[in-house]
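Model the placement of chain B on the given structure of chain A, informed by the hints.
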Amino acid sequence: NAGVTQTPKFQVLKTGQSMTLQCAQDMNHEYMSWYRQDPGMGLRLIHYSVGAGITDQGEVPNGYNVSRSTTEDFPLRLLSAAPSQTSVYFCASSLYGGTYQETQYFGPGTRLLVL
Amino acid sequence: KNEVEQSPQNLTAQEGEFITINCSYSVGISALHWLQQHPGGGIVSLFMLSSGKKKHGRLIATINIQEKHSSLHITASHPRDSAVYICAVKSEGTGNQFYFGTGTSLTVIP
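Listed in order, the protein sequences are those of chains A and B.
Quick note: the first sequence uses the numbering used here, first residue 94, plus one each step.
Quick note: the second sequence uses the numbering used here, first residue 13, plus one each step.
Read the hints as simulated data drawn from the structure, not as lab findings.
Some hints here could point you the wrong way.
Derived list of chain A stretches under chain B, where covered just means 3 residues or more per stretch with a C-beta under 8 Å from a C-beta of chain B [what the hints assert, rightly or not]:
hint: 1; stretch: 107-117
hint: 2; stretch: 131-140
hint: 3; stretch: 194-201
Cβ coordinates follow ideal geometry from the N, Cα and C atoms, glycine included.
Isolated chain A, as found in the complex (with noise of 0.2 Å):
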């Protein structure tokens, strides 16, 4: 198993481009998400997924987008990027969220640079 994949591992932009984050994960999870991490601050909730179709707001939603078409993929949508969102990227999954106690699974992260 390759566990959670990402890519890409660095990418810089400008400001008002737009990208997606990559995030795939091949242990059939059902839970997935995205976090951002920020200096000084503990990783914050960006959206997450329940499964195939069905997606929610985290603690700090604005400016992205995600979808849920397959159980393996959730990319994460810069719609027109920001100076703010200069950030390291971790997407996660766990087999199947809620208050299930399970072992969460991190991706190497995505460093972004947003000029």
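Below, chain B without anything else, positioned relative to chain A:
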């Protein structure tokens, strides 16, 4: 206001020392996680616990639900333990919201 507070923020230890990292939280939880983030950035789950104590090798995690407090202990610390250790709690209710501490940066000197 942070739902999860960790202490200390930074910690330097000599190889072989016993290390304790603390985590306090203010929300009702269904589980608490300890994560390790290496200098390369990758995040690995170390422990998930909702009561009592768990042990993996030299790592021990404890939780006191009544006091809303957890500790991560590392015995016989080694330079390869150098990393950022992150406490995360899974909220009650839907349980889909995680709250993360800002991490404790540990450096173990040979």
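So, going through the hints one by one against the coordinates:
1. 107-117: Violated, because only 0 residues of the stretch 107-117 of chain A bring their Cβ atoms closer than 8 Å to Cβ atoms of chain B.
2. 131-140: The restraint on the stretch 131-140 of chain A holds, since 6 of its residues have a Cβ under 8 Å from chain B and three suffice.
3. 194-201: Three-residue rule met by the stretch 194-201 of chain A, so holds; n is 7.
The structure is inconsistent with hint 1 alone, although it conforms to all the rest.
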